[in-house]
Amino acid sequence: MNIPNTTFQDLRTRVTQKFRGSPVAIFSLMVIVVYAIAAVMVMLGLVANDFDARVGEKFMSPNATSWLGTDRLGRDILSRIVYANKIAFIVGLVTATLSVLLGTLLGALSGFFGGWVDAFIVWLYSTVESIPYLLLLIAISYILGAGLSGVYLAFVLTFWVGPCRIIRGEVLKLKEAEFVIAARAMGYGPMRILFRHIVPNTLHLALVNFTLIFVAAIKSEVILSYLGLGVQGEPSWGTMIDQARAELVNGFFWQIGGATVAMFLLVLAFNIATDTLQQALDPRQTR
Amino acid sequence: MSTLSEVAPAPILSIRDLSIELRNGGSKQLATKGVGLDLCQGEVLGLVGESGCGKTLTCKAIMGLLPEGVGRVQTGEILFSGHDLTRANEPTMRTFRGNTLSMIFQNPLNALNPVLTIGEQLSEVLATHTTLKRSEIYQEALHMLRRVGMPDAARRMRAYPHELSGGMRQRVVIAMALLMEPDVILADEPTTALDVTVQAQILKLLKSFQRNHNSAILLVTHDFGVIADMCDRVAVMYAGRIIETGTVEAIFDHPSHPYTAKLLEAMPRGRPVPRGELSVIPGRVPSNPDDLSGCKFAPRCERVQKACHRTEPRLKRVREGSTRIDPHLVSCFIAFEDRDEVTHVIE
Amino acid sequence: MIQIILKRILQGVPTVFGVTLITFLLFNVAGGDPVSLYLGKSANPKEIELMKKEYGLDQPLVSQYTDFLEEIVTFDFGKSFRTRDPVADMLIDRIGPSLSLTIPSLILITMIGVGLALISTYYRGRLFDRMLIFTAVTGMSISFLVYIVVGQYFLAFEFGLFEIYGYRDSDESRWSYLALPILIMTTVGVGYDSRYYRAVMLEERQAAYILTAHAKGLSDHRIMLRHILSNALIPIISRVMISVPFLVTGSLLLESFFGIPGTGSLLLESLMSGDLPVIKAFTVLVSILFVLSNIITDLLYIWADPRVRMQ
Amino acid sequence: MVAFGLIAACKAENPAFKDKKILEFAIESKVASLDPIHAATSYDHWGTAPVYDTLLQYNYLERPSRLEPNLVTKLPTISEDGLTYSFELKPGILFHDDPCFAGGSGRELIAEDVIFSIKRMANLTLRPKGWWIYNDRIVGFDTYKDRQRNRPAGAPFNYDESVEGLRVTGRYTFDLVLKRPYPQLLSVLAMPYTSIVAREATEAYPEDFHRHAVGTGPFILDRWSAGTELVYSKNPKYRPELYPGATFAELGDEEAGLLRNAGAKLPLLDGIVIHIIDASQPRWLKFRVGDLHFTTVPTEFHDAVFTDDSQLRPNFQAQNISMYKVALLDFIYRGFNMNDPIYGGVQGKPIRQAISMAIDHAEFNDAFYNNTAIVYDGPIPPGLSGHPNNPISPYRGPRLSLAKALLKKAGYPDGKGLPPLYYETAIGGNLREQSEMLTRQLAEIGITLQTTFNHFPELSDKLHRNKAQFFGIAWNSDYPDAENNLAMFYGPNAGGMNHFHYQNPAYDALYRRASTMIDSPTRTRLYEDMRDIIIEDVPAIGALARTRIYLWNPTLKSMKPSETWYGWLKYLDVERR
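Chains as they are written, first to last, in the working numbering: chain A, 2 to 288; chain B, -6 to 340; chain C, 41 to 351; chain D, 5 to 581.
This is chain A alone, in the form it adopts within the complex:
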């Protein structure tokens, strides 16, 4: 993305304008907010506390007490879906934050200092990139064992490449910008220039990458769950879909349907938000 001579203020205005102009984008933001609130409520223990409790017979159809029926262990599916939302948010947030931080740090150092630092970091990410993403993901989580921490690490070690590459490119460009040259003329140290002057100007790119990775993490968790490597001990949409695969044949589609729809809405909202964000940040694209 090429955003010539725009201040961060301009970007913020453009983003707000873009979102205001699109009802779909506003709707997507609302969905994200609702999900986020639900996730916080789960964390505070206000809702879905009974996700692990036996509330009835196994495989009950939707009824007055269990709106989406029960699973094999007689647990309330709706509670589990809501609870899994928390997991999705944690997985998404942790993965996206760490990946973007790591990617930005390495990308910034690489672009700014050049030389062997750059050579090393470029080598590192082109190496990681040339291993198929799913293979790397599975290999890492296989070695770390199933479970949440393995999932995080596998995701971060796989996903940092994207932001790193982009931030590096942007830093390379900004390095020559007038305000950077001015800062140099003021005699500021390289670290101050890099992290006070250059990196803040790449925040919009970090934001877009953040949303992209958030979605990628939620979707990849399903695949890992299918392979038995996903979240353990707590319900996640991935484990629910994986569990419910077999139930489709039995004629119980509440679990797979519910988890799919729940996940679909959040991912859709994030996709739309990301799109809107990208449009606002890169006005050349009128998507």
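Derived by calculation from the structure, the hints in this document are not laboratory data. Treat the numbers as computed from the prediction; the structure is a model and nothing was measured. All clues given are correct.
Calculated cross-link-like contacts (lysine-lysine; reagent style DSS-like; alpha-carbon spacing at most 27 Å):
no.	chain 1	residue 1	chain 2	residue 2
1	D	Lys561	D	Lys269
2	D	Lys471	D	Lys420
3	D	Lys241	D	Lys561
4	D	Lys25	D	Lys241
5	D	Lys238	D	Lys94
6	D	Lys78	D	Lys183
7	D	Lys564	D	Lys78
8	C	Lys93	D	Lys149
9	D	Lys329	D	Lys25
10	D	Lys149	C	Lys119
11	D	Lys564	D	Lys241
12	A	Lys19	B	Lys21
13	D	Lys25	D	Lys269
14	D	Lys564	D	Lys22
15	C	Lys92	D	Lys471
16	D	Lys183	D	Lys149
17	C	Lys93	D	Lys471
18	D	Lys149	C	Lys92
19	D	Lys329	A	Lys59
20	D	Lys24	D	Lys564
21	D	Lys269	D	Lys94
Chain A is fixed; fit chains B, C and D onto it per the hints.
Relative to the frame of chain A, chains B, C and D by itself:
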């Protein structure tokens, strides 16, 4: 219609009360308001003004190429060859474009498709508008390339745009525009991207073509030097409005709008001004002129009066520089403050 | 030309080297010990030690690594822990079915994706365009696993349109087994690709030379097909070429769900059973392919873009 | 999509199968090797059984399964001291035709072949998975193995060296001499590991004998497509063997049509196609559309098949689908690391007992097996002597108040002060949900369970290295003798099959005594004593025995499945295509 128009030659392109609306996200604004221009056969009309005043948009509106979903003709008409171009459908527009009505764009590098050869980009104009055979098309295109002064033209036919220098690219762009010997050429700052010596050559080329074919040129520029060399008449635009129009002599000798005067002051005659230097007048062009009541130039005007802020002045005829066929019009209260003579009003 | 190619190949060497290092670190250093599996459930410590010795797993790490490098250079990856077949043979056996799945899918995805993008660019902002974007974003938001499970259950089982599972390596029957996996892969892929190509083309559409083309009075068809498409060719080539190494890796999920004996299912089996020789060989081969396809991409650029050709 | 449908509509019917009796079924995992000495899993057994023969086999109809001679004329004569077993092969048994034999035509099976096949178990370069069955059993076998192991590098394995306990006494006769009594030997000789192979074949295909199956069995391997299917055709030169008659039949066999082929020459089929389908959904769907003749019911699909009282649902009955339940020699348990400072040893005994009382196996049975499994106490599965038919354990759950009392007495009231219990289990199927249920049950008495899911190699590695604190796996008996299960708690087996690292001298003494005895009330009493020690000490909390449920479409005839052995495909019959 006044009696004057009966004497003047019939315009080949006539713009009446053209208002172009721009949409940006949810907000709308008028980029031009009530623009009126007449272009006669064999005439070069200069359109001058700061960047963003609506010159290029006006040209695009004539071509029917306003950015889709963003720009729209709100009111007015553009008469050409018996059609109102603001209402003409795409197929009709296509028969005009590149044929009897052509346009030369500012930046010659961007105006050429980087992955097609010069030859193909020239030939496709002929392939679209004529029924010539391939070999004839090739000959025609090559001939035109030679006419615009392209050295080694036969070889250049197979070249890609990036293999040519800026001046040569602009020659290609001009060759494309001239291929069909159009009646009207819209030249949108055809030389601003080029260096001084090349500028002169390109302008000479345009001028000689115009003379030979008796074409009409609407020359968009902000360089009064170019105007002086090329044009018969001038229209000055500010904030989407024509604020002064008249013959080159009238404008240069009797600039009646403070804005025009400032522009001329800023540029000693005869010396070309590099792009961007026009904005020596303090202040900025209003971002949304319609938010401003009264004269749009008032905030920057040194001679501003109370009345200027109340109502927007309309174009009126001034005596100095007006001829029988080419009236000198200006929209400014102070231009008339000494005399309350109102001769003619053009909306 | 040959110099360019040689130079690019040399530039790829550090990447391949990096992949070997990562692979080695992942599996030999961080990974668990696969040996006990292969001795069966009645293994005893003595037998475990013996087998480690046999496979060189008791050697110092450095010499294990140099052995691994030697395997790569000689393209002799030894034998699978699990099946005892030479790894090279296993990969060769499995590559055919994977390619029969991935190549038609890639071709369909690209053709449909570019086609839809062209139509969408032509009708930008109108109903077709909005529908396409909506469908693509919706499609992208559904888990791949759901496509597979639901596709297999409804299309193949309930409606009986497709074979449920299996593969037979003969020209007549192969496609009847592959039809549904290819359909699923294409459906998912088209969503992503048409959106991407559309963005690319819309960007081209904004270019100044497109305005010139319009000003010349060219027809929309000519502008779409000759001017926009030829410029979009470069991003299209990039996108297609990026996918090329993944043609060989097949599809982990599709292959295991539909019983296609391709490299994807081989990889999954190997990962699940800790079959290190196969995993390592596979990873390194794919990274080599990745480097090679990058080189080919560069060469294609030269063909597609006169600007690159000059340099 | 229509176009795709059209492509798919030309269904892949194999013309070679026309008018033939071809059996098709699916197994859920790849066959890794068709070399019998590698045949460790039931999938390998399915793959090898059609091609190879063992000396002994089980009677097809009789239940409980009883050994009967297969390649031999009769069961072996056993010397007084129980150490020498004498066998006599049936004459005229031919190996399959194969280029490895002179003239390409299979030669006759002789006693040397049996001895050769046993010696292959000593060849560690072949990595025999069944190495343990002769380990420390046959006179001279272990020294032979050691000698060969230490042979100079590059030297070939010497099969010609004689072993004292492996004696050829004639063209068709041979003796096996044991170091000490090994009453399980007969069962072992019906295991696929001990299938008889031809030396010519192993030498002709040194690198890929595991893909070139050349045996004496009822079917010949035509094709083995990696990972997709195994295709067999009838062996036209199969020795004259007949379908068993009514003498062996159980009640109901006749009604089930199992005697219709009595006296017919085997095999009845023209060919077999074994599909390999690892995912359960497609395997099940393929059976439901009739592409497969029979299937086992994946546990996830029990609800689709059974009503809550484990009867077939009406739609299956309407389709004339038949069902047969095979009780598995199955021991599904949760085991402890007995070396653990808190949960292991003597100090951990009350905690283990409390945990045992917290676990409700009936709930597992209901949720995961639709009550088709059998819950029992101790390590001896149903059908074997020593198995308790009634609940006998005072620690069988759910007894929550007693469990809490025990914990309190041990100093951990309501689990307070107890560190979390780390549970190791495998990945796959519904093991995740199982662990969730276990977590919930243990939480009732205040014990926190933290589960780690492992790939099978990892799990077995942890078990071998004594790294698993608490673990859940299943043990399938290798042969129908409780000795196999009881060996899991024998001290010297620690680090091997004794995953618990359980050490109890009294138990070991009982085991040593019982392991050399043949089946007798005395031995059963010893088994029961050992069983009760395990129930009291709780190194393992048990147990469930799954019932494998076979369903078959009406096109399949004379089906009486068993998982004690897999050689019974030769008795099956299907409708012609």
